[in-house]
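Visitor: From just these sequences and the hints, can you work out the full model?
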Amino acid sequence: MIGDARRGSTARRWEIALACAAALLVIAGVAFAASVAVPPTIANLASEVSDGTAATELGDASVVVPAEWVITRDSADAITVRTPDGALRASLQTVHEKPADAVAQGAGADAAPRSELLASGLTVMHADLDDGDLVAAVGTPDAAPSVRVVVQVRPPDGGAPAAYRAAIGDLLEGIRR
Amino acid sequence: MRARWTVAALAAAALVLSACAPASRGGWSPPEPAPDAVTVTDPVPEITAARSGPLGAGIVPLRVRNDAVGIQARVAMLPAGATTDAFNVQVEQIVRAAIADRVAVSGTAFVPTPSPVGAGLGDRRCAAGSTGLPAAALLADPAFGPAGGSGAAVVCGFVAADGPIVGERVRVVSGEGAVIRSDTTTTLYADVQTGETATADGLWAEGAAAALGAHVAEGLRRDAGALSRRPATVADDAQLAAIQAALATTVPSDEGLVITLAAGFTSPDLAELGVPVTTAPIDFAIPAAVASGLVSPLGARLLASYGQPYSGPVVAPAGTRAVDCTLVPCVALTYDDGPSDYTPGILDELAARDAAATFFALGQKAQAHADTLARMTREGHEVAGHTWSHPHLPQLTDAQIAAQIVDSTRALEAASGQDVTAFRPPYGEFSPRVLAVAAMPAITWDIDTLDWQGPADDVLIARAVEQPRAGSIVLQHDIQAVTARTAGAVLDGLLDRGFQLVTVRQLFGGELPASGVWRRAP
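The listed protein sequences derive, respectively, from chains A and B.
For any residue, its number in the numbering used here is found by taking its place in the first sequence, counting from 1, and adding 3.
Counting along the second sequence from 1, when you hit position 297 you're at 283 in the numbering used here, and nothing is skipped either side.
In case anyone wonders, no lab produced these hints; they're calculated from the structure.
Possibly wrong hints are sitting among the right ones.
Derived, one-sided and incomplete: chain A residues facing chain B with beta-carbon distance under 10 angstroms [stated by the list, open to error]: (1) Pro87; (2) Leu121; (3) Gly124; (4) Asp131; (5) Arg168.
Think of the CB as a built atom: it goes at the ideal place given N, C-alpha and C, for glycine as much as any other residue.
Guide: Set out below in C-alpha cells:
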C-alpha cells in the first residue's frame, strides 16, 4: 500500500514538471511571436498607400507622396515612405532649420551639398552619401523650416541605385510649404 | 481556460493585422527619367577623302605651300559648275584670307612658288584626322604646317557626302611654334543639286540655339545628378553664344546631328549644382526626331539624305578645269613631234595622276595616230600645232609656211576634235615673217630637257623636275623612249614640288594670247 502511494506521488511530480515545461514553451513562443509581429503590426496601424494626389501633413509642411508608395507616420511632423518594391526608403521630417543647415547635419564632412531650384518653386539642397543614399533638405533658401529627407536605396538583385534617382526627384517635387 | 482563449485571440489579431501590412511588390519599377533630348556622344569621324572613298572622283584637291610668307594649305574644291561655284569660292576665300594674314604678318608678297625637290607635296587630299590635331602639333607637322612650324596651316576634312549634300571642314591655325595666334574651324555645306551653300550653323533655323542650349544644359545637369524636374533654360548671352558656336560645328551621324560644345561652358543652373566649367570639348548627339523641328531647309535635306550615296558631280579632266595659277605654282609639260607609239603610255601616266599636258603634234602624223589625238581631247589635254613635217620655218617661203601651219592645223583638228589655236615652231626657230604668216601665238619653252640627246633616265628626270619654276613651259618629245619611260617619275617629281600640271592654255589663265612668242607664262 505504501509502495502504491509512493508511485502515485512520483507520477504526479512528473506531470507537474511537464506541464510547467509546456507552459514555459508556450510563453516563450508567444513572446517571440509578439516581438516579431507586434512592432510591424503597430506600425502597420499607421501605414497607408499613397494615391499620388492627397497631401500628407508634415507639421508646417506637407508632401504629396508618389502614387502607390507606402506611407508610415512616425510623428506629427515626420513620416517614412517606401517605394512599392521596398527598395527605396525615405524619412521625411520638418525641421526648424534652413535647408543648408538641415542637409549639413545629415551629410558627412566630405559631402558637398548642392543646390537646385525645384519645379515646385522650392529649393533643394542635397548631398550624395555612400551606396546611393542621399540626404536632402527642401525649403526656402536661408529660411526655416525645411523638410529633411534621408533616403536609403537598396535595389533588389544588385540593381543600380541610380535607377531610383527619378523616384527621389518625384518625392522631392511633392514637398509643399 | 479563459487565459488560453485570451492568448489565442491576441495571436489571431496580431496575425490578421500583420497580414494587412502593405507588401513589397517585386514587379514594381522606379519611374524612368524622361528621355534626354540630346546625349553626350563620341566625336564623329571624318569621311575619307581618298580616291577610293565616296568623294574620290568628286573633289579637286588643292595644296599650297609657300615658305616665303609661311603657309601650307590643303583644301578640297568641288568640280566647277553652277551649283558648286559658291562653295568653291568660300573655300578659296578661307585660303586667301590665311595667305593675306601671313602676307601682313611677314611683310612679304605672296607669289606662287614651287618647293624644293623632295618637299613631299604630291599627296594633296584632305588627310584623315588632321583637323583634329592639337594646334601646335599641326603647325609642327611638315605634312600640314609651314616650314619651320611658324606661320599658318590650313587643313581640311569631309564631314558629309550624302545624296546631294557635301560638307567640308576647314581649319586654319596660325602661330609661332607652340604659341598659337589663332585657331578657327569653318564647316561648309553645299547642296550640289540646288547650289545652296551655308556654313554649318546655317543648317539650323532661328531659335535653334536657345532650344538646343536648354537640352544641352539639361543633359549636363542630369549627368551631374540633378534631382529637379524644372526644365533647364538658356539664361544668358554667353551661353547662347557658346551654343551658337557649337551649331557651327554641326555634322551628321547615325545618331542624327552632332554638335561640339567648346570647353568653357557653364550656366547658372550648372554652377549652382556644383558642376564645374567644362574643360574639354563635348560632343552632343541631337536625334533626327529632335533636330527635325529645329533645322533650316538645308538642314532638313541633310537629315533626309543622310546615308544615301553621294550624288555630286564627278571631276572633269584636269586640262579642262579652271586653274588659278596665282594661287598655286603651275607648270606646263609639253611634248613635241608626236604622236607616236610612246604617246599612249604618257597619257596613261598623266591620267593616273590627274595631270594635264600639251602636245605639239605634227600634221603628217595626225591620220596615223588619230585615236591617240582623240584620246588627248577626251582626257582634257591640249593639242597644238608643230607644223606638218617639222621644217626650219624661217627658210621657207610665205606660202610654204602657211601650208605647214594650215595643213597641220586642219589635220590635227580633224583627228583630235579640238580647235588648234597655237603652234610651236620646230627647233624654236621663228622670225617676224613666220609669226605674221602663222597668225597664231608661237609657244616655245624656258626649260629644255634635251631628251632628244638620249640622256640617262635619272639625268632626264632631274632636268625635268629640278629646273622648272612657276609658269615654266617644259620641252620634251613624245617620240623618245626615255621620255616615255621617265614620264611617271617626272610627273611625280613635279607634283612632289607642289606644281599644278596644266596645259599651256591653263597656264595663261584659260585663254591663249592672240599672238607673239611665249617662252613661259607672263
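Visitor: Next step is simple, just say for each hint if it's right about the structure.
Guide: How the hints compare with the structure:
1. The criterion of a C-beta within 10 angstroms of any C-beta in chain B is met by proline 87/A, whose closest approach is roughly 4 angstroms, and the hint holds.
2. Checking leucine 121/A against chain B by beta carbon gives a least distance of about 5 angstroms; that is within 10 angstroms, so the hint holds.
3. Residue-level restraint check for glycine 124/A holds (minimum Cβ-Cβ distance to chain B is 9 angstroms; threshold 10 angstroms).
4. Checking aspartate 131/A against chain B: minimum C-beta separation of about 7 angstroms stays under 10 angstroms; hint holds.
5. Here the hint on arginine 168/A is kept, as its CB sits about 7 angstroms from the closest CB of chain B, short of 10 angstroms.
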